[in-house]
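Two chains, two frames, some hints: make the complex.
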Amino acid sequence: MASFAGGALPPDHVIVTALRAGDEAMFAALLDTWSRGMLRVARSYVSTDDSAEEVVQDTWLAVIGAIDDFEGRSSVRTWVYRILVNAAKKRGLRESRTLPWSALESDGGRGVDPSRFHGVDAGLPGSWKVPPAAWPTPENQALAAEARGIIAEALAELPPRQRIVITLRDVEGCTSEEVCDILDISPANQRVLLHRARSVVRDRLEGYFRSVMAAE
Amino acid sequence: MGTEGKAGSVVKRFTCGELVEVVTAYLDDALDEPGRAAVEDHLAGCADCGRYLDQYRATVRALADQPREQLSRPVRDRLTAAFKARRPSA
Ligand SMILES: [Zn+2]
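Protein sequences, first through last, are from chains A and B.
Just so it is clear: in the first sequence, position 209 is 209 by full-length UniProt numbering, and no numbers are missing.
Just so it is clear: in the second sequence, position 22 is 22 by full-length UniProt numbering, and no numbers are missing.
Be careful, since some hints might not be right.
Said to hold, decoys possible - Label pairs and their calculated CB-CB ranges:
#1 R68/B - G22/A: 24 to 32 Å
#2 D49/A - D28/B: 26 to 34 Å
#3 T137/A - D29/B: 22 to 30 Å
#4 P159/A - R87/B: 40 to 48 Å
#5 T33/A - A58/B: 20 to 28 Å
#6 Q70/B - G119/A: 21 to 29 Å
#7 A81/B - A214/A: 50 to 58 Å
#8 K84/B - A142/A: 37 to 45 Å
Note that these hints are calculated values from the structure, not bench results.
Beta carbons: idealized from backbone N, C-alpha and C, even for Gly.
Next comes chain B alone, as it looks inside the complex (with noise of 0.2 Å):
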């Protein structure tokens, strides 16, 4: 396209502050092109980073772990009675 030759100047390059920061945005796939390669470049070069992105995805892994919990036993009668009295289509 023509533009090779600047994309290296025009690279922005993240501090440790600024990478936290936008951890959300790269792990969703939402920074554009040079900002992904800006975070790749960063944590290439920084172990810190790297650790505290990796137990910034420990931590997403970990909220999935919640315990069940469930309605009351009348609240889930009532429904499923609700659903059965319910006359089916089709």
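One chain only, chain A, in its complex shape (with noise of 0.2 Å):
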């Protein structure tokens, strides 16, 4: 039995074999590594809390029915999580909620607003009216902890493609291949998402540290 507390999960071959093997150990660290991202992701397509549960519990189940056919074509992380997507885009057609993946409409345009440059008939035009001001560097357990809160409010507001974008990219380390596999998207598109979400999670952040110095 393999323990991997802490520690990165082993090469697929190693997980596939010990998983069709019943290797209870490995299956509880697939469960308690990636059902965290599961729950994120499954959340911005369902309405409720309770529905993203069952989504992840009925994905860890057709894994568990599925684990001799897998094919090996995709990492087993993609292949957890596009059962993942598609059994919670039909839970969330049930419940009416849909989101449109053809068009980028709202979640277009740019990460920071312009209004921060410098216009055309400026001397520089395009520059920092105000540049970006310092950030006092997190040492301090307090300030870490209530930026980890501010970055998951920011994460909680941003457009639900978006919000799964980053979190599968930056929360859950997916690279940006995984991330297109699992989504069925261009990587441009995967990369204006992405873009658009950090860029508003580094502008609440900007906004935070911006409190917390003038407070000091």
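This is the structure:
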């Protein structure tokens, strides 16, 4: 029996062999490592936390049933997340919640407010009007915990597709290829959504740090 | 390749406002070579954008630090039981 507490998961062929052989520690390690991201992604498609958990549960049951059929054409994580996204979409449809993935509409546009830069009439067009201020180094535990809360709020307020992409990429550490495979989107589309989402989160942190330093 | 003489004149220059919109492409190594060079050129001369990029990277790092979140006990127990009940292959 393997133990991966605090460590990285082993390579895919090790995971698949262990799951097929009924290795409970490996199954537990996957549950503990991936369920957070799965819950977060599922929540973007369905209407309640309970439905999100049901979607995650159904996904794992499908994984348990299909592990012998896994062909290794993608990473195990991509395979599991694709099952999750399909289940979550179906559930979202039943709940009359659908995410349009085809168009970028309101998700497009810029990451940073253009009014932060000088216009064409200025001496240096496109340069910062007020440059970004230095951030405090969050060596301080309380500050780091607060920043974590600010990030959680910012994530919750993002449009769903941006939230799903930044969750997979930055919170869960998927590669851009994995994200494109999981969501069936193009690399360019993935990058626009990720860029917009990261810029918004950075902006929220900037606002928070500005208020902290103003109070000192 | 015979294009060296022209390189300087075709390299795009980014303004700060343009640079902040390509940082994800830059960090993902998705820019073409002139684009990448133009970003590095701008960063070499612009401390403000250097700070912006540092903060962008710090944001990406901080995102990986969201709280752990687990399935509820009953769901976890149900899944563990389902896994045990599965007949191992080979
Ligand atoms: Zn600049």
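Hints versus structure:
1. Taken as a hint, the range 24 to 32 Å holds for the pair R68/B and G22/A, whose Cβ atoms sit roughly 26 Å apart.
2. Taken as a hint, the range 26 to 34 Å holds for the pair D49/A and D28/B, whose Cβ atoms sit roughly 32 Å apart.
3. Distance hint check: the CB atoms of T137/A and D29/B are about 28 Å apart, consistent with the given range 22 to 30 Å.
4. A hinted range of 40 to 48 Å for the beta carbons of P159/A and R87/B is consistent with their spacing of about 44 Å.
5. Between T33/A and A58/B the C-beta distance comes to about 24 Å, which sits within the given range of 20 to 28 Å.
6. With their beta carbons about 50 Å apart, Q70/B and G119/A fall outside the hinted range of 21 to 29 Å.
7. A81/B and A214/A have their C-beta atoms about 54 Å apart, which keeps the hinted 50 to 58 Å range intact.
8. Checked against the given bound of 37 to 45 Å, the beta carbons of K84/B and A142/A, roughly 43 Å apart, stay inside it.
Hint 6 from the earlier list is the only one contradicted by this structure; the remaining hints agree with it.
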